[in-house]
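Work out the full structure: start from the sequences and follow the hints.
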Amino acid sequence: MSTIPIRREDVTCEWLGSLLSGVGDCEIIDLQTEVMTGHNPELSQLFRVRIEYSSRNPDHPDSVVVKIPPVDDVIRIREAGYGPFIAELGSYRLLESFYGSSLARMYGAVEDSDEKTACFVFEDLGVLPGEQKFARVDLGVARAALDFMAEYHARYWQDLELERADWIHDADWSFLFNQNPLDSATGWKVIRDDQRFEKSGGLVVAGEYLGVRLYELRDALRSRPNTLTHNDFHQGNILLRQTEDGPMPVIIDWQLPAFAGGTNDLAKFMMTAVPFEILREHESNLVAYYADNLKACGVENYSFDECWRDYRRAQVATFGNYAIGCFETSPDGELVESSGYSTHAVIKALTLADPVELAEFLP
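For the sequence shown, the working numbering assigns the number 1 to the initial residue and increments by one for each residue that follows.
Derived by calculation from the structure, the hints in this document are not laboratory data. Don't take each hint at face value.
Said to hold, decoys possible - Below, in silico cross-link-like pairs of lysine to aspartate or glutamate (DMTMM-like), each with a Cα-Cα straight-line distance of 20 Å or less:
| # | residue 1 | residue 2 |
| --- | --- | --- |
| 1 | K189 | D10 |
| 2 | K348 | D138 |
| 3 | K189 | E306 |
| 4 | K133 | E357 |
| 5 | K199 | E357 |
| 6 | K199 | D354 |
| 7 | K295 | E306 |
To be verified - Cβ pair distances, simulated, as ranges:
| # | residue 1 | residue 2 | range |
| --- | --- | --- | --- |
| 8 | S55 | N301 | 51 to 57 Å |
| 9 | P41 | K295 | 41 to 47 Å |
| 10 | D332 | R8 | 40 to 46 Å |
| 11 | G38 | E334 | 37 to 43 Å |
| 12 | G130 | E34 | 41 to 47 Å |
| 13 | G130 | F276 | 17 to 23 Å |
| 14 | G130 | S284 | 44 to 50 Å |
| 15 | N178 | N40 | 16 to 22 Å |
Using N, Cα and C, we set each Cβ at its ideal position, and we do this for glycine too.
Have a look at this one:
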């Protein structure tokens, strides 16, 4: 039996008040909860909670985001075995200095150490306007995201203590998330045969590489310096904080961190979150901006040329990961493309890659 909240009704005035005590004593007399986008009973439950106080101080929020594990015992224990709850907790404990800026502030968290689950109370960053599904990333927001990425990568660059932590995945796991590389070749066949996708640039080189050769790519990527990686730095995990200097990116959902090459984060961010028009014009400059920021933060002996090579290789790995999940079998046994925005963005991004250069980079 769980010792932490797993049901909506477990989020009580008393419980939430105790989690908010870090900013001072308060008394909560009423709560209103609503299900948020991202709520998934089989992964984690996500609620926006509006709070009515009888006593508070100015630092107490009017609303918060509460993230709790699944209520179903079998599902919760199964998911806990993959480590997402303790991984997110470990990430937030490491990155406390970024609270309220590039990370949502974590007001508090409680852990069930036996089940390896946790629940969280986060700052509420509000809702996206209108029918907007994702935060809008312009060139300034892209650079700000790379500022943050380079800073936390540099902070934990080749950190052996982090490598030994029991809550973080290793580099080999981060490669395709332990999925079968052979399935990516089937995904490529579906993409190749779909007339909606333009087969230009490096896309065909990357697609024909998918399958058993991905094992060679995994081995080659082991040569990268490892660091803390978010490992799921896609457009859906980026929110915006409104500041006097304009919108600033806030990165959420740290459930899949790995001690792996930083270009995992770089490739997924550039391919899924940076609009194609910006990527087409500024791709090499943005990769150079990231590499320069690493150097400014103290990382030595990792040149732009090495970063660019590792970025291109990580793009193929990212494509392989999305290709694995991009199809389903129709009732008549045919394979049909069934992917969404992120997969289409990854496919399109690879059309910008020089095919000759990409082929040279691939082992």
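Which hints, by number, does the structure contradict? Violated hints: 1, 3, 4, 11, 12 and 14; rest satisfied.
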